[in-house]
Amino acid sequence: MTLASDNELEIQIAEWRAYMRRRRELHQADTEELEDHLRTRITELTEAGLRADEAFLIAVKRMGSLDELSREFAREHSERLWKQLVLPGEPNAAAARSRRELVAMMLCAAVAAIAIKVPSLFGLDLSGDNSGFYARNLSLFALPALAAYFLWQRRAGRRVIGVLTLLFVVGAIGANAYPLAGDSQSVVLTAIHLPLALWLVVGVAYAGGEWRSGRRRMDFIRFSGEWLIYFVLIALGGGALSAITINTFLAIGLDAEGFVQSWLVPCGAMAAVVVSAWLVEAKQSVVENMAPVLTRVFTPLFAAALLAFLVAMIWTNNGVDVERDALILFDLLLVIVLGLLLYAISARDPAARPGLFDRLQLALVVTALIIDVFVLLAITGRITEWGFSPNKTAALGENIILLANLAWSAWLFLRFVRGRIPFARLENWQTRYVIVYAAWAWTVVLAFPPVFGFA
Amino acid sequence: MHITKDLVAASATPLVLGILADGESYGYAILKQVDELSGGQLEWTDGLLYPLLHRLERVGHVEATWATPPGGRRRKYYRLTDQGRAELAEQRRQWAAVVDALRGVWTTTQSIRPIAAPVWEAGR
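Read top to bottom, the protein sequences are chains A and B. Last residue of the first sequence: 455 in my numbering, with the numbers rising by one and none dropped. Last residue of the second sequence: 1124 in my numbering, with the numbers rising by one and none dropped.
Bound conformation, chain A alone:
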């Protein structure tokens, strides 16, 4: 090989490398690995008698089309670009698609916003008397629209659409068919659990029907965290808008409070559900993923706070004051710990070795577990005195479900930190467990009212 052709080859390889780098699904290490492969192939071909430029062309060709390659990498490393589930296309086609998506999103948001005003037509306006009705059905206004948006975007098959429609209908029946008094505990439970159950139904739509895939489930967990953050941001903005509107109109002697309360806030909130989802999908590359960042910040802080609490509890020998709300408080604690765990998992490079942060995470989970065991012991001693009401049963059930998840997570985490198992096992456990949440939420919505005599 002459020096000139050698030089030319280096330039060609550099161009190829730059081209690969532009793909977000390929990390630097992957490009290096592929480049090593390319160079070995070229060396072999030139040794067989080909000229350098010919060898380069053949080696590139045998590597496979870049689109296909990116697609395979994206499938394997979905954490790198989970927001772009629709895989590479032409730039022009992408622009047209995002315009179509914008229109579809606005349509779905409008449907969600109108849906919440429909009951008013039948005399159920948004006043105090009907709060029970709206509490039970709140999730039924926006979530079907959100699911529809995803079904459209993922081009889901008829069977998926049919099953999801059925699930929403079942949800609507579960929320409205039982004769519940407005102030009964079951209404509150339905108001909490139906959104959860239906959110997981939206997850099926999000995965385009591929709900069995662990990777798609993890994508949906990531999506949920980012969605919540966008929703809260929009809610803050909406709050400011409402306050300004009311007060500026008050300054000129007009009362806008009625409009804000019965139109702006409810319709805005419903539309925000869809808009947030669209923002997560469309604007992901603009903002760094927030949920993992918050997790990094709050994991050490929560670990410290819980450890301090545990030490104080043992030091002072003060038992947990088992008030009515204690169970719910500790359920919330477990939810937060689980959330921190989930979002740390969702953003972690599965191939990375265990580090300090993983140990911290393990400490957090173990501390929460120990605290919760104390609480459970204190409560089971007295739950027989109180008897089982819907609220207590639900709170206790949730506690046990979360405890089981965290206990097994801690065990897996321990084995991972010691280098016994790959990280993927932990991820797998979390994604498989989602089905338990779905089963529990549906049980509370559908089975609790009849079991507890519609209390």
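Treat the hints with care, since some could be wrong.
[Unchecked claim] Listed next, the in silico BS3-like pairs over lysine-lysine satisfying Cα-Cα at most 30 angstroms (straight line): (1) K61(A) / K1032(B); (2) K1032(B) / K1005(B); (3) K1076(B) / K1032(B); (4) K1005(B) / K61(A); (5) K1076(B) / K117(A); (6) K1005(B) / K1076(B).
[Said to hold, decoys possible] To give an idea of the interface, some chain B residues facing chain A are shown, with a C-beta separation under 7 angstroms as derived from the structure: (7) A1010; (8) P1051; (9) H1054.
Since the hints were made in silico from the structure, they are not lab data. Ideal Cβ placement from N, Cα and C applies to all residues, glycine included.
Once you've looked at the hints, dock chain B against the given chain A.
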């Protein structure tokens, strides 16, 4: 002969695990070995081996390390783990069952004898 995409995909994991069972290796060498073992019949797109290797790494069947051989380039080497060895044994069992079943079909079924003369012609 062209081997269909599905067959290539299905056999990829056991092939890679089997090759790594002989000791640590890297992408290009693995491909060469697949080529030799199949007499050039199994055509893989070079690049697609890597996502497969990364998947095996993620689920813990193989471990990877970067190393620079003397006078060579930095290169990513893959090694089979104990879990990968167990997976390979499991895959072997499954493939043996498939191969046995196929062999049974080839020997018992008359209709697909290679190049059998049609009955109406045989009768003439």
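Verification of the hints:
1. K61(A) / K1032(B): holds (16 angstroms)
2. K1032(B) / K1005(B): Measuring from Cα to Cα gives roughly 19 angstroms; hence the hint holds.
3. K1076(B) / K1032(B): Given that 30 angstroms is the threshold and the Cα spacing comes to 16 angstroms, the pair holds.
4. K1005(B) / K61(A): At roughly 18 angstroms apart (the allowed maximum being 30 angstroms), K61(A) and K1005(B) satisfy the hint.
5. K1076(B) / K117(A): This hinted pair is violated, its Cα atoms lying about 60 angstroms apart.
6. K1005(B) / K1076(B): holds (27 angstroms)
7. A1010: Violated - the Cβ of A1010(B) stays beyond 7 angstroms from chain A, reaching only about 16 angstroms at its closest.
8. P1051: holds (4 angstroms)
9. H1054: Result: holds, 5 angstroms to nearest chain A Cβ.
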